[in-house]
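K.L.:
Construct all of the structure, not just a fragment, from the sequences and the given hints.
Listed in order, the protein sequences are those of chains U and Y. All letters in the first sequence, in the order written, are residues 1 to 541 by the numbering used here. All letters in the second sequence, in the order written, are residues 1 to 319 by the numbering used here.
With a straight-line cut-off of 25 Å between C-alpha atoms, the simulated BS3-like cross-links for lysine-lysine are:
1) Lys192(Y) - Lys423(U)
2) Lys166(Y) - Lys423(U)
3) Lys421(U) - Lys192(Y)
4) Lys186(Y) - Lys385(U)
5) Lys421(U) - Lys186(Y)
6) Lys385(U) - Lys192(Y)
7) Lys385(U) - Lys166(Y)
8) Lys421(U) - Lys136(Y)
9) Lys187(U) - Lys148(U)
10) Lys166(Y) - Lys252(U)
11) Lys414(U) - Lys385(U)
12) Lys423(U) - Lys186(Y)
13) Lys166(Y) - Lys253(U)
14) Lys136(Y) - Lys423(U)
15) Lys421(U) - Lys166(Y)
16) Lys136(Y) - Lys258(Y)
17) Lys136(Y) - Lys295(Y)
Worth flagging that the hints you see were computed from the coordinates, not collected in a lab. Just so we're clear, the structure is a prediction, and the values are computed from it rather than from any experiment.
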Amino acid sequence: MVVAEKNPDSAAETVDGKSKKQLKKEAKDAEKAAKKDAHKAARGGGGGAEEAEDGGVDTSAGKYGSLGMIQSNGDTQLAARQFVHVRDLENDKADQIVWVRGRLHTSRAKGKQCFVVLRQQEFTVQGLLAVNDTISKQFVKFASNVTKESIIDVEAKVSKVPKKIESCSQKDVELHIQQLWTVSSAKSQLPLLIEDASRPVKDEEEGEGLNIRVNQDTRLDNRVLDLRTPANQAIFRIEAGVCQLFRDILTKKGFVEIHTPKIISAASEGGANVFTVSYFKSSAYLAQSPQLYKQMAIAADFDKVFTVGAVFRAEDSNTHRHLTEFVGLDLEMAFKYHYHEVVDTIGNTFTEIFRGLRDNFAVEIATVGQQFAVEPFQFLDPPLKLEFPQAIAMLREAGVTVGDEDDLSTPDEKLLGRLVKAKYNTDFYILDKYPLAVRPFYTMPDPNNKKASNSYDMFMRGEEILSGAQRIHDPEFLIERAKHHAVDLEKIKAYIDAFRFGCPPHAGGGIGMERVVMLYLGLDNIRKTSMFPRDPKRITP
Amino acid sequence: MSVCMFKLRPIVNHDEPLPVPSHNMYTMKPVQEAARTQGQDKAPSSAATVRLADISGRVQELIQGSKGDMAALEGRQEDILKKLSKLRIDIEELRAILRQPSQVTASSLSTSSNVKCPPCPELGESRDIVVYASPKNPPYSLLGLARVWRASCPIQISNHTHSSVKEAPSAALTFVNEVTGVPNLKIILIWKEVPETELVINPIRHIAVRGETNILRFLSRVGPTDYAYEANSNLSQVALLDEVLDNCQRLARSKTVKEKQAIVRTFNASLGKSEWMCGQPKLSIIDTAVWSVLKQQGPSAALTQTLTKWMERCDSMLL
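P.N.:
What follows is the structure, encoded as structure tokens:
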């Protein structure tokens, strides 16, 4: 049953000869009023005093107040309320009477009127409360005193507006409030205002009007409030989309999702540091990559596997793109004869993720774009694949001096990203055939070129997001390469032993989910795409 | 100046020709003498020649003091001359390599059994070029050239769809040309919403080449020499071919049916009764361009019978 049917005209309530429905409604209101009174009494009769001051009869008594703490007491009257999402308040709902639960985004009282903006997730709608024969002064006063960010239930008549409301997401309609109940009130002093936190980031010069911005640290300290901004609502929905797409696409390709341990006995990958944790009488480490376990799953004949899980890096780097804990999307795949089978699979997975985001998350991407104006992400299908020497040649042409066997520095990577974008119009590309010298010991060397290896990096907007390679699956050769890299054989014994019982040739790679979302949206800081980021300086909230 | 207060004897008598060293490279008329002979009679004064020996004696005297310097100077000049001549030889060699004959002769063209592509340093080592094409107007000419240049200039075409295009165009499937061995040219074809087909080689150094016919002009310069229609001594013929190419571009841009029909009629005229466009002995870049643009127009272009037959001939060669 829709509320609108139940209440064809609220003004009729004051008239005698009430219908059955109206009687029912009145009974409900009376009950509510009683509840309200009880609540007021509990609070020390603050509201009661108000009424006394104003004098006169409150014509809208029982239409506003606090619902008190909802403890699921099974009130059938309340349960019958049918709520409408703010998102769905469009022209077709005009002249209907609806219930809406949302947060009080802003409220502005002007004499006998009170304008409020009601927000539900990233959607906002304007509400209006004006003193008339059904709405008392006290009601308006109560409404204007509700603190911002409080959750309120509102019964209102949807009405079309002659002029579009530019400040709200629902531009064509507004709500003429008839009832207003607070469900959960917020503290009157907020550490940050959602309005400020969601203000579009503009250049400094355009300092017209208010340009209050919220500092990144303030945001992170009060993440619960910060996450309520439309942009953040959209970012984390996109992030969920990335994860979902990764799972769906790979599952469709015949991959199996596995879960790898996060507490490990030895550092799995050279280079990055590991966190040590106490483990009963000895110590253990937090996994910095599920790589070893992925490879063991391949050796155990799972053929194609992927895993989604936390990855820990004890790197003391306070940059825009490093976190000490992030979500790793890793995959590993056995191939028949050439590791390009794997490169193409990964590249294709990325393209499909991008396409999925473009097609299914257009609204969210636009919402993020409203706050952080960035160029939309461009990609090619199939993805562009360049070889390392080609990249070096491009860089040299642009006037950068790089050696044939040097790894690319971060500025070089960025420049290369811009060069590739200028020539090929793509923000995503694969760089194949890295020099063997800059890759870890388990990387398979290129059979045709002693200095090259069967390894690849993938880039988004000029930043590396995936680093992968064909792994050596032959234990003897692995030992040889490890010795060449002066790796302690004792420490990687378990790794080498995994290949002793035969292992198919395989390759893989891993990506950081936060980084992919950050670069897809073109955001400037990885902390914007991690809900509760962990970095060397922050472990709360 | 009728009144003269002081009279000075001339310090240098510049009426006389100076003796010049025998090994001089550049002869020049004495400046003063030239000016004088313009105004006066050309008759050389006999008196001047008398005193010639006198002056040359003085010059000799001057030179006596710096004989060593003079010799060094001469030596240096010899060196420079040697270097210059070496440079000249180098340039000649380069010219030969670049196959840019200083004089295009009909004979050099007629003996074009050698159909290798001229080197093009702009293409860089990887020799890859990017072509942006709209799915609405597939650049059939590229595909056609890849077919006819199979032997002389193998072109590898790879296909990508840009994210601005929702679905991969159906034509994309046919736009693949794999090459066995090392391709001479790699075309990376990107389907994107562009107003005109665009060619990008190196965005740092060059601007994009816009328009399919301009791309064909470029390719004719870097492709096999027997397709280089511009390497013709008969300039009016080249201009004629260029005009047909321009008409292709016009057709691609024209919007009204009337305009289109007028251009198609010019193609008909260019074809005349011959087998290929503009009476060329064999299929040329021009045919490729016209064929491509007419294919893009589809059945909307009302073709004459000769043109339809010619299109069929092209189809058999280019598809």
